[in-house]
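Protein chains: 2
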Amino acid sequence: MINSITGGVTAAQGFQASCCAAGIKYKDRVDMAMVYSDAPCAVAGVFTSNVVKAAPVVWDRQIVQNVKQAQAVVVNAGIANAATGPAGMAMCEETAAFASKTLNIPAEYVLLGSTGVIGPGLPMDRITAGVGMLAEKLSDTLEAGTAASKAIMTTDTVNKECAVTFELPAADGSGSVTVTLGGMSKGSGMIHPNMCTMLCYITTDCAIAQALMQRAVEDIVKDTFNMISVDGDTSTNDTLLVLANGKAGNAPITADGEAYQTFREALFTVCRALAIKMAGDGEGATRLMEMRVINADTKEHARTLARSVIGSSLVKAMVFGKDANCGRILCALGYAGVDFDPAVIELYLLGENENLCFYKDGCVQNFDEDKALAILSENAVRFRVDMKMGDQEATAWGCDLTYDYVKINGDYRS
Amino acid sequence: MINSITGGVTAAQGFQASCCAAGIKYKDRVDMAMVYSDAPCAVAGVFTSNVVKAAPVVWDRQIVQNVKQAQAVVVNAGIANAATGPAGMAMCEETAAFASKTLNIPAEYVLLGSTGVIGPGLPMDRITAGVGMLAEKLSDTLEAGTAASKAIMTTDTVNKECAVTFELPAADGSGSVTVTLGGMSKGSGMIHPNMCTMLCYITTDCAIAQALMQRAVEDIVKDTFNMISVDGDTSTNDTLLVLANGKAGNAPITADGEAYQTFREALFTVCRALAIKMAGDGEGATRLMEMRVINADTKEHARTLARSVIGSSLVKAMVFGKDANCGRILCALGYAGVDFDPAVIELYLLGENENLCFYKDGCVQNFDEDKALAILSENAVRFRVDMKMGDQEATAWGCDLTYDYVKINGDYRS
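Protein sequences appear in the order of chains A and E. Using the numbering used here, you'd call the opening residue of the first sequence number 1198 and step up by one each time. Using the numbering used here, you'd call the opening residue of the second sequence number 1198 and step up by one each time.
Treat the hints loosely; a few may be bogus.
Each pair may be met inside one copy or between any two copies, as identical chains are not told apart.
[Claimed, not checked] Within a straight-line C-alpha distance of at most 27 Å, the following computed DSSO-like cross-link-like pairs (lysine-lysine) qualify:
no. : residue 1 : residue 2
1   : Lys1224   : Lys1265
2   : Lys1222   : Lys1568
3   : Lys1519   : Lys1604
4   : Lys1568   : Lys1265
5   : Lys1604   : Lys1568
6   : Lys1334   : Lys1298
7   : Lys1519   : Lys1224
8   : Lys1347   : Lys1568
9   : Lys1557   : Lys1334
10  : Lys1496   : Lys1298
No wet-lab data here; the hints were simulated from the structure.
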C-alpha cells in the first residue's frame, strides 16, 4: 500500500536540501537549489529527446549512463545553459568541481540542472557563490525541501512536491521497514515531454539496484510525464532524476518481484501526481484538462489519441472559453494518426456529479448546454472517449490556452 | 512563363460564379457560393487525412475517384456538416439533387463544400433556397468570382484569390494559346493541412488529362498547402479541388513534357500564393511567419524541420511579442524528429535590408537587439536555417499566436 505524506525531496532519510538567491536572472527571489544525500545514491534518469540538448542534460546523462551513482544535485533557474556550445559544458565542469570541493564528494557525483532562457551563458561567479551558500544551508527538514522546490520555479505559479511511504521487507529479516520516496518538479512552459519532463528530482531511501530503478523510470515516464502537454514544445532541458541512498534498511531490491512492484507503484504515484500538477499549472492556465481514452486496440494508440486531444490549440481554447464545442475533440482524435471508426466511438464530458454524452452513433448529440457549461466550469475538465476496439486505455493531462499564455510568452525574456 | 493577373475562379474561360445570403448561420452576410462551368470539367482533388471526414469530403472524394468529372461546386459557410452521420450524407445527396435539377447537369457532377461548426446538421430549406438563388445569379465577371471568395469566409479577415495565365501550344497547331488558371481559398482556424487545406477551389480552361492533373495536385500540395499551419489542427473538411474545362483550346496535355511542366508551374504558383495568404490570415494573426530550411539531407527532413518551427506555440508567441528569443526556434528544430548536429547549423533572421545571425558554432550569437526588433516588426517575419547536411530545402508558412486567437476560439460557437 502506498501512503501519501507531506514532503518532497527531504522526506526520505539521509537527504538534505537548501536554496538561495544567487541573482542569476531574477531579482529578490530564490533561484538556486541543492539536494544532497549523506551517502552515495544509485541514480536513474531520463532526459529530453530534443536533438538540441542543454549542457546540464549532457552532463547528467553521462553520470546516469556511466557513473551510475551520485550524491548531490545543483539546480539554477533563470538561464537554461542551452545552445551555449563548449563553453556551456565548461560551466558544468566548473560548477561540479566547485560543489565537489565544497561538499567533499567526487565531481562526477554532482548532478546539474538549469532552466530558463536558452542562449545566454551562466554567470559563473554567482553560480559558485550560490553553491557555497547552498552547501552551508543544507537541512533535512521538510521546510528545506519545500524551499528548494520554490527555488527551481520559472513561470510556475505554485511549487510542486509529493511524497509517499510504503513497506518493504527489512534487510535483517526482522519484519518490514518503512521506505519513503518524494520529489519536486517544475513546469510550466515548453512542456511536451518526450522521454520525461522539464525538471523533476525524486529522492528515496529505498535500497534498489541501479539498473532496476532505471528500468522503472523508463517504464513509468510513458504514462506520467510523457502524457502531459502544455504547449507542444519539447524542451532542451527536460530531466527526471531519481536518487536512492538505501538508508531505509530494506532488503535490497535486485530483481523483479513483489518488492520491486511496490517500489514501482510508489514511484508511479509520485510521478503521476507531479505530472498532473505540472499540467494544471501550465503557463497561463486556468484549468487542468484530462483526456481518458478507453477500449483502444493498443496501449500506444490509446496514448497517441489522448495526447492529440490534450495538444490541440482549439480544444485548449474551448476549455478556456467553457464552450462545449465538442467537434474539436473529435477532430483532434481524427488527426492523431490512429485509424478508428467514427461511427462507433462515444465521447463524454465527465462532471463531478453527472456525465454528458457529446457524441455517439456518428453524430454530435443534443445535450443540455447549461449542464455542459457547469461541468466545463469545474476545476478539472475531464473527457472520456470509448474507442470500442479493444481493452487498452491511457490518460493524458494538459491545460487550457489563455490570454496569459500569449502574454507570458510574447515577452518572456524581459 | 507564368503571368499574374487579377481574378479568381472566374478568370478562366467558361467559368461563372455567384453568391448569396442564405442565412445558414451568419446574419447579414453572404454565406453560400457556387462555381459553374458551362462544359463538363476534368476534376482533381485532395482531401483531409483526418479519420473524421465531413460528409461533403466523402461526397467529393467519391466524385474525384470514380466520376472524375464535374461541372459545379456548391459551398456553404457557417456549418461544417461534419460528425453528422448518415443524415449528413443525405444532406449532400439532397443538395446535389437540387442543384442538378436547377442547373440541368448530372447530380454526380455537383461538388459540395461546407465549413464552420462541427456537429449541427444543415438547414436544408435554406440550403436549397440558396442553391436556387445561386443558379440565377451566376456570372462570368471577375467581380462574381471575388464575391464568391467572400461568401466562403468564416473567421477569415480577407478573401483570398489568385490567378495566372500562361502560353501552351494550340490544339489546331496554329502557334500558341493563352491558358488561364485561378482560384479562391479560405482559412483561417483548424489549419494544419495534411493532404491539402481547408477549402480551396481552382478553375482552369486548360485541356489536360484528369489523371495527370491529379498527379500534379498531389505533388504540389506537399510544398504549398501542406507546408502551412495556423494552429496545428487538421480539419475534418480540408478540400482542394481543381476543375479544368479545356476551353482555352490548347493541345490537350496527356503526358509529362514541356506543356505539363508549364501547367504544373502555374498550378504551383497559384497554390503557393493562396497557401501563404491563408497562413498570413490565420485566426488572430498579426503577421506572416516564414521558415526556410536549406541544405538538409532530404526533402522530407527539410519539410519536417520547417513545419516544426512554424507549429511551435512558443515561436508563434515570440513573433507576436517581437521578442528575438531565438532559442525557441532551435528547440523546435531539435524536437522535430530529424537528427542533425547542433554544433554546425546556422540560424538567421532575414530582414528586408539586412540579415541577423541568431546562432552558429553551437552558440546563440550576440546580435543587435534594436535591429532584431526592427526586423521582427516587419509584415512578414522570415527565418532561415542552414543544416549543412546536403542540398535539399523547404519553406513553411505560419503566423503568430495572439490574444485574438484565444478570444476567437474561446467562444467560437456563439
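Verification of the hints:
{"no.": "1", "hint": "Lys1224 <-> Lys1265", "result": "neither (36 Å within a copy, 67 Å between copies)"}
{"no.": "2", "hint": "Lys1222 <-> Lys1568", "result": "between (46 Å within a copy, 24 Å between copies)"}
{"no.": "3", "hint": "Lys1519 <-> Lys1604", "result": "both (20 Å within a copy, 12 Å between copies)"}
{"no.": "4", "hint": "Lys1568 <-> Lys1265", "result": "neither (53 Å within a copy, 47 Å between copies)"}
{"no.": "5", "hint": "Lys1604 <-> Lys1568", "result": "between (31 Å within a copy, 22 Å between copies)"}
{"no.": "6", "hint": "Lys1334 <-> Lys1298", "result": "within (16 Å within a copy, 86 Å between copies)"}
{"no.": "7", "hint": "Lys1519 <-> Lys1224", "result": "between (37 Å within a copy, 24 Å between copies)"}
{"no.": "8", "hint": "Lys1347 <-> Lys1568", "result": "neither (38 Å within a copy, 36 Å between copies)"}
{"no.": "9", "hint": "Lys1557 <-> Lys1334", "result": "neither (59 Å within a copy, 40 Å between copies)"}
{"no.": "10", "hint": "Lys1496 <-> Lys1298", "result": "neither (48 Å within a copy, 51 Å between copies)"}
When the structure is compared with the earlier hints, violations turn up for hints 1, 4, 8, 9, 10 and for no others.
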